[in-house]
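Asks: Here the structure of chain A is known, so what remains is to put chain B in place on it, guided by the hints.
2 protein chains.
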Amino acid sequence: MYREQIKVFDCTIRDGGLINNHDFDDRFVREVYKALSAAGVDYMEFGYKNSRQLFSSKEFGKWKFCDDDDISKIIEGIDSEMKISVMVDIGRVNPDDVKPAKDSPVDMIRVASYVKDIDKAIALVNEFAEKGYETTVNVMAISRVLDNEMNEALHQLEEESKANVIYIVDSFGSLYQETTEYLVKKFKQIIKTKEVGIHGHNNQQLAFSNTIEAIIHGANFLDATVFGIGRGAGNCPIELLIGFLKNPKFDIRPLLDLISREFIPLRNQIEWGYIIPYAITGMLDEHPRTAIALREGDKKENYREFYESFMPAELD
Amino acid sequence: MYREQIKVFDCTIRDGGLINNHDFDDRFVREVYKALSAAGVDYMEFGYKNSRQLFSSKEFGKWKFCDDDDISKIIEGIDSEMKISVMVDIGRVNPDDVKPAKDSPVDMIRVASYVKDIDKAIALVNEFAEKGYETTVNVMAISRVLDNEMNEALHQLEEESKANVIYIVDSFGSLYQETTEYLVKKFKQIIKTKEVGIHGHNNQQLAFSNTIEAIIHGANFLDATVFGIGRGAGNCPIELLIGFLKNPKFDIRPLLDLISREFIPLRNQIEWGYIIPYAITGMLDEHPRTAIALREGDKKENYREFYESFMPAELD
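Each protein sequence line maps, in turn, to chains A and B.
Position one of the first sequence corresponds to residue 32 (our numbering), numbered consecutively onward.
Position one of the second sequence corresponds to residue 32 (our numbering), numbered consecutively onward.
Be aware that one or more of the hints could be misleading.
Note: identical chains are not told apart, hence a pair may lie in one copy or across any two.
Here are the simulated DSS-like cross-link-like pairs (lysine-lysine), alpha carbons at most 27 Å apart as the crow flies [what the hints assert, rightly or not]:
| id | residue 1 | residue 2 |
| --- | --- | --- |
| 1 | Lys65 | Lys331 |
| 2 | Lys147 | Lys89 |
| 3 | Lys280 | Lys225 |
| 4 | Lys65 | Lys330 |
No lab work stands behind these hints: they were computed from the structure.
Isolated chain A, as found in the complex (with noise of 0.2 Å):
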């Protein structure tokens, strides 16, 4: 009944890093590890490879690095088959930082690319799977990509880069059912010898669904978080993925615990989920750093203001 090729992938600790500056202590992201090791999830990724370089460590916490170090510190001691990965940014990754596979707590790297972007990601991506990783392009911003560009990227993709997993991801919240089937079946008809993931947006209440869709259609590498949290609107709840998907191995009760011990008071702390900005910004088609700014200004619930500020006065 269940499709064993599936694989779920937690962002709780990348994702949610975004919300504040990547600066989660060490015992909760123990304890998350440590939940989702038990529940039966197939990946965790620890945040972003950043170069430091580029960026303070006065300014963002360690998940903005992902220092082998500080994530052997987290698993240590903890019996686990999960796998752990990172994420890098095109421009902001030093390749001299990422020691091989083999010497590093890290199995998989994951390269976030816009369209445009593409022959630098497979440049990075081979970069990455010849040390010994296991490797995604994860398609930024898809909802607006033109079909002769997407076709272009994607064969590409297929041929020239040595990526495990080519992801779809649904950057502003805007996709609907139809869409993201239409953009799955695309996607399974040129990239043959990879699997297809999907990453989506809770701002219009539809990750999970689209989630969903995805699976119909194809796709095998689902990534979710726990109970949604992430920038903005936040994600797919890797709860109800669990709750969804049918394989034994998963177990919901470690992520119940989890939920009520450290994510309903962290969420009285950092705001994420259902919010009305973030759902105008995902019915627009919009990146959701204008509702982010609102939130972070005296006018937050200023909503049709808000969504007025996005109709222009002349149309050209």
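Replies: Leaving out everything else, chain B in the frame of chain A:
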């Protein structure tokens, strides 16, 4: 591009009333009525038409009874083309309380029914239809109805009832989009002379996506509530639905104002939305009553114990 037959049906005061004993004050209900009218919403449901012999007006607010005079007071002086609905439960309404439609501000009466009560539902709905009302039968708890009984009920509804719309009600918030597709297709196959409607619940964050799925397969009556208000996990958020639909008669802006001004403060007083115990009853296809009880007690964040309470000690 849009489908003119689609009707947006607001249940804010009716379903929201399940949280506060139907005790919204007149000012609030008028604000909702005004905003929905300005937004181009097609129907607004005020509450239940229950017999005053069965329920005490000391215990419940006026929207448990929906007297015509109380509705007339709300709508007086507000320019609106929106139609007005009330809901009735089988065995709780006294049909003699219902005046002929021409003497009432109410346009539509909806009969909520389990499949086992479908004969009673048909008798009631025909009586209201004869009094001049638009009518619907809302088939509750649909996720637990076996196919043979569903088919028989649908044939009866098609052949014996005067209802204008037959509704799929996902009482437990347990439907995924594949089952929604299956049910809408089944309904459309048998219900040839009436419209099909959908009423989702948001336990698993799927009320909006199931509504989209129902639209794709031909449902034209779409229930929703402002900011997703409703008992437990709540309903399909009407602002997301209006943002999705393409009919230019809809305007989201009055709804954004309404949420800013009325629903953000209200949300701090009463609870609804994505809450783990309701997600659990949704994924287990259980009535939310146990989750409601949990949330009223002192173990309200004890999710694991709650989850395990559904796991029988012995299977038989």
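Asks: It remains to establish, for every hint, whether it holds in the given structure.
Replies: These are the hints, each one checked on the structure:
Only between protomers do Lys65 and Lys331 lie at most 27 Å apart by alpha-carbon distance; the minimum there is 23 Å, versus 36 Å within a single protomer. When the C-alpha separation of Lys147 and Lys89 is checked against a cutoff of 27 Å, the pair qualifies neither within a copy, at 32 Å, nor between copies, at 66 Å. Taking the shortest alpha-carbon separations for Lys280 and Lys225, only the intra-copy value of 24 Å comes in at or below 27 Å, while the best inter-copy value is 45 Å. With identical chains, the CA atoms of Lys65 and Lys330 are at most 27 Å apart between copies only, with a shortest distance of 24 Å across copies and 40 Å within one.
Of the numbered hints listed earlier, the single one contradicted by the structure is hint 2.
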